[in-house]
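Once you have looked at the hints, place chain X on chain B.
Protein chains in written order, with the numbering used here: chain B, 424 to 714; chain X, 424 to 714.
There are no misleading hints in this set.
One copy or any two copies: either way a pair holds, since identical chains are not told apart in the list.
Computed cross-link-like contacts, DSSO-like style, restricted to lysine-lysine with a CA-CA straight-line distance of at most 30 Å:
1) Lys526 x Lys553
2) Lys500 x Lys481
3) Lys671 x Lys500
4) Lys500 x Lys708
5) Lys553 x Lys644
6) Lys548 x Lys671
7) Lys526 x Lys481
8) Lys518 x Lys644
9) Lys500 x Lys644
10) Lys481 x Lys518
11) Lys644 x Lys481
12) Lys476 x Lys644
13) Lys518 x Lys476
14) Lys553 x Lys500
15) Lys526 x Lys500
16) Lys671 x Lys518
Since the hints were derived computationally from the structure, they do not count as laboratory data.
All values derive from a computational prediction rather than experimental measurement.
The lines below spell out each chain.
Protein chains: 2
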Amino acid sequence: MTIQRLIEDRYGLPLCDHFPQCGEEHSQSGHTTQPTEDNSTLRTILQHASARKFESEKIQESLMQLLFATAFSAPSKSDLQQVSVVRITDPSQRKRIISSNPKIAWTEHAPQFMVWCADNRRIRKVCEEKDYPFANDHLDSFMNAAVDAGIVMQTFIIAADSVGLRCCPISEVRDNIESLSMELNLPEHVFPVAGLCVGWPSESPSTSMRLPLNITVHVNKYDDEEALFRISDYDHRREAIDQPPTEKQRQPERFGIADIYGWSEDRARQYSVPLRSGFGCYIRKQRFNLC
Amino acid sequence: MTIQRLIEDRYGLPLCDHFPQCGEEHSQSGHTTQPTEDNSTLRTILQHASARKFESEKIQESLMQLLFATAFSAPSKSDLQQVSVVRITDPSQRKRIISSNPKIAWTEHAPQFMVWCADNRRIRKVCEEKDYPFANDHLDSFMNAAVDAGIVMQTFIIAADSVGLRCCPISEVRDNIESLSMELNLPEHVFPVAGLCVGWPSESPSTSMRLPLNITVHVNKYDDEEALFRISDYDHRREAIDQPPTEKQRQPERFGIADIYGWSEDRARQYSVPLRSGFGCYIRKQRFNLC
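Next comes chain B alone, as it looks inside the complex (with noise of 0.2 Å):
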């Protein structure tokens, strides 16, 4: 399959449509020929996945440490290395997080289980042991020290699909943050980001349709004035190859069976319910100042 048929697959639109203005430059440079259709890579990423059931085969222990090893290569904010992984090894543990959170039973059997915490714990030890004030107790670091674990979790997905694997990452994990923080050891300044199931898949899964690019890629001023409109296009394209069934709709008892039941109907239900509000709390416990 083509890179230009895996991006219409992933959008619901070929490529050229989300742009104004589109298609091949001619250009005499030495780069401008780069061969894109046998690179693995793109292919991976545009391929990506998410998987929630494994073959009950083993990862072998030294390609999860290969796949850490490369997961850590990521860029890091200004080199202050602020991620930490908890692998969860031992089955009477993993029963413990699981049994606190019904929505995330169905992670008993994946082979791999971990969970990816933002670190600020350290950078402090530095400054602590040297005897220099730590000047950044501000919101800055809380953030910083979660998009970091993000984009390592994120780079370790890479990794993994890149060898065929296919892994799950559970924002669910933070339902019961307290209580996993706990199961986990997790001191002052170390926070779960999410969770990670890895395995081999013992299907392929479906890839997500993906918001067009006018409505995320914005030319030097940000601008959403046609973005409800084109959210209604997306959200007909979504259905049209995926349409949830009538029982699967969220909240029928609040909001009534809708017709069309595409994306933006689906998240808005999600999100009039509060999910998490207790992580503010949770944060503040773990010592962050968020000033």
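Here is chain X on its own, set in the frame of chain B:
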């Protein structure tokens, strides 16, 4: 160069030295002999380096569009797609953004410059249009949007690296976040996470050595009892291949000239000075509730 050698270069240690149990398992299963040596995605990630010096040659517009299409294939928290990127194509606008911050003067000649933003506005607009309550006005929403922006940006970086381009993420764009935000016309509930320069590199940038994985990868419980000792070894390994000249030591008037000026000394000196302490205030003005 073998993958094992790339890892050794990245960490200054062979992979086996990171883990108490290391080595190839003997297994008869089908997946355990996946060839990793010719896996160009692993190689691309392991060889990642940020570049600040670029050839003057432009990047084909069709290639930029392909990279954006690839980047936005990244996983998205609850499929909410809370990321926007603003490309700065107007040279006078780029000059205005750069002029307020001498630390990023070098970005003036990068072929491409963009700002990755966390975008929590889209889902709020969708809820408003449908007249459903947005029930997640708390810290979780702020963090999810920021993390997703980092995830998509990193996916862009890996895609760009894979075609031979090089990038440099620039968190310093947040040093003057209010003026940047006005320049980009960012509405409420949208904020910059990082700038990014992209171009064809004019020199081969050096990779940044990473902390050993026995600091960053934990098993079942978070444990950093040995971390400071291991950081000291890491400082020596890093210094052995990349000793910064004495005049590059930060704040000698305050902390003196260190004999061993490794990673930890440099990072601790950096964070002894407040950076972006007004970020929280700006985020609240963008109408995020951080409770």
